[in-house]
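S.K.: What follows is each chain in one-letter form.
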Amino acid sequence: MGKLAGKKLLLLGERDGVPGPAMEACLKDSGAEVLFSVTECFV
Amino acid sequence: MSSVGIKGYAYCLNHAPELGLHYGSTPFTEREAKGDSDFLKALPKYIQTYEKAMQYAPNQAYIGGISYEEFEAAQTPWIKNYLSDANRYGRYGEIMPEDEFLGLLAICDVFDLIWLEKDFAGNVKARLLKDPVMTESIVARLKGAHDLPEIEAEIRDKKGRALYSDGKVVGCVRNGHEIDDCLFAYVLLENLACKAGGVLALLHLMKNSNVKPEEIDFVIECSEEGAGDMNQRAGGNFAKAVAEIAGCVNASGCDVRGFCAGPVNAIIAGASQVAAGARKNCVILAGGAVPKLFMNSRDHVKKELPALEDCLGNFALLLVPDDGTEKNPVIRLDALGKHSVGAGSAPQAITSALIHDPLSAQGLTFSDVDKFAAELQIPEITLPAGAGDVPHANIKMTAALAVMKKAIEKSGMDDFIKKHGVIGFAHTQGHIPSGVPFIGIACDHIRAGTMKRVMIIGKGSLFLARLTNLADGGSFLIEPSKGGASTGAVSKEDVKSLILEALSEIAGRLN
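Protein chains in written order, with our numbering: chain X, 1249 to 1291; chain W, 4 to 514.
No wet-lab data here; the hints were simulated from the structure.
The beta-carbon is built from N, C-alpha and C at its ideal position, and this holds for glycine as well.
Please note that the accuracy of each hint is not assured.
[Said to hold, decoys possible] Simulated restraints, written as ranges between beta carbons of each label pair:
| # | chain 1 | residue 1 | chain 2 | residue 2 | range |
| --- | --- | --- | --- | --- | --- |
| 1 | X | Lys-1251 | W | Val-172 | 37 to 45 Å |
| 2 | X | Ala-1273 | W | Pro-80 | 14 to 22 Å |
| 3 | X | Leu-1257 | W | Lys-305 | 57 to 65 Å |
| 4 | W | Asp-184 | X | Leu-1257 | 12 to 20 Å |
| 5 | X | Glu-1272 | W | Glu-329 | 43 to 51 Å |
| 6 | X | Leu-1257 | W | Lys-37 | 47 to 55 Å |
| 7 | X | Val-1286 | W | Ala-36 | 19 to 27 Å |
| 8 | X | Leu-1257 | W | Leu-151 | 50 to 58 Å |
| 9 | X | Val-1282 | W | Lys-48 | 39 to 47 Å |
| 10 | W | Lys-421 | X | Lys-1251 | 37 to 45 Å |
| 11 | W | Glu-508 | X | Glu-1288 | 55 to 63 Å |
| 12 | X | Val-1286 | W | Glu-508 | 40 to 48 Å |
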């Protein structure tokens, strides 16, 4: 458990950067709760 | 046959700042929500004139007014170093001024939806006739000019949308239905503008390829617009509608969609049909997206920079059977990249699926490809909006993957990026910047022998439609023709010769 344990997360991903599901996968074992995750496209 | 020739290509822009000011989704939704806000009051001050748009280096690179090497060498920032000897026409296409584009909209309207004011219509008709790709029969379609009061009444009383030139109302798009929002004037404008852009690109394509309209067999359209009615919202079909205006009487067509991955998927679909012998030839084309005009203008205004998203982008390609000569570079159908459902969404997984896997399957590596053309947005548009330099981000990810796969040293990343990357020169029109603007440049270089292999990569943001969280992507390689692949079928003689070859090999082993 790292420093994100018990925290609530809002994840804003970007298609040509790091998408939301990729962040979710990285944070799966962090002990944090993902409240909202989305990928957007600005181009 | 696993390769298909690229006979021709066309790239055009339609300068459309007044359409953008009123119907780009950012200004439009701001006006609907807040009325005449400070942003909307300020935006017109940041709009470029037609002359500036024509002199903007990325726009000239797009229409082939300057070579890619000249573009690379052009002084940056481009917004402070406009080209002094720019022209409307380049070797791939043109930058059409907005008033003529409104005339082209009326030409493409077959349902009495576009009304232009009489004097304005007469003026643009005369100017359109000077365009080298416009024929008298096409321009003769510009009918139905009206008096201004009649147009004003249509806007005021019947939910028509105004069309502007020099800040004045010069026409309108009529509402297509009282309650069906698929046929509201805004949607019809969006679709007719997309159709008109597709027509312009197709006309330039036929000129560039030296083919007659009646020689075109099939058209696949791959924009991001949806034409239909309330019972079938995106029923289509832009392709056939475009072919009709361009006089392609022997062509049929269909539409392929996939957000920004639409063009790459459409090219693969068209190339496969040509390769199979199902079509004699196939045009892949797309017009531009009105809603994306001035999409990032809020940030441009905030930072007091020119609002550069003032052009609709369009393109067209002509695919033909591989004739085995150096004349037509080919798309390889045996080396396609595919972002499968199970590939995952991590940038590394996507890059691997689209770039490494198809190369590796053919025994190729990263340095065997001269250029990787992925997203090609103009960085001067996206950087001020916080979206970064998208082409650079993509080639950086490719270089990082090349390091991971031990194809290059980590210390060689910067050189790899410079040598194999492409600088963005396409407008933020969604489907347009996704790899396809580089096809013409790649073909020119392959014919000249200055490139031997280019990868075109398209990526689409499927998640925007709220059907799936997935993105999509596709890729293909362009190379010189290897020769001898001119027919799709294997002849009786080919079979005989293969059997004889195999038998003699067996006989040799027995001895």
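S.K.: All hints, please: hold or fail.
M.R.: Here is how each hint holds up against the structure:
Evaluation of the 37 to 45 Å hint for Lys-1251(X) and Val-172(W) yields a failure: the beta carbon distance comes to about 60 Å. The hint said 14 to 22 Å for the Cβ distance between Ala-1273(X) and Pro-80(W), and at roughly 38 Å that hint is violated. Evaluation of the 57 to 65 Å hint for Leu-1257(X) and Lys-305(W) yields a failure: the beta carbon distance comes to about 28 Å. Evaluation of the 12 to 20 Å hint for Asp-184(W) and Leu-1257(X) yields a failure: the beta carbon distance comes to about 37 Å.
Look at Glu-1272(X) against Glu-329(W): about 50 Å separates their beta carbons, and that is inside 43 to 51 Å. Remark: the range hint 47 to 55 Å for Leu-1257(X) to Lys-37(W) is contradicted by a beta-carbon distance near 32 Å. For Val-1286(X) paired with Ala-36(W), a C-beta distance near 21 Å keeps the hint of 19 to 27 Å intact. Checking the proposed 50 to 58 Å range against Leu-1257(X) and Leu-151(W) shows it holds: the Cβ atoms sit about 57 Å from each other.
For the hinted restraint 39 to 47 Å between Val-1282(X) and Lys-48(W), the CB-CB distance of approximately 43 Å keeps it satisfied. In this structure the supplied range 37 to 45 Å holds for Lys-421(W) paired with Lys-1251(X), their Cβ-Cβ distance being about 38 Å. At roughly 58 Å, the beta carbons of Glu-508(W) and Glu-1288(X) sit within the given window of 55 to 63 Å. For Val-1286(X) paired with Glu-508(W), a C-beta distance near 59 Å fails the hint of 40 to 48 Å.
Hint compliance for this structure: hints 1, 2, 3, 4, 6, 12 are broken, all remaining hints hold.
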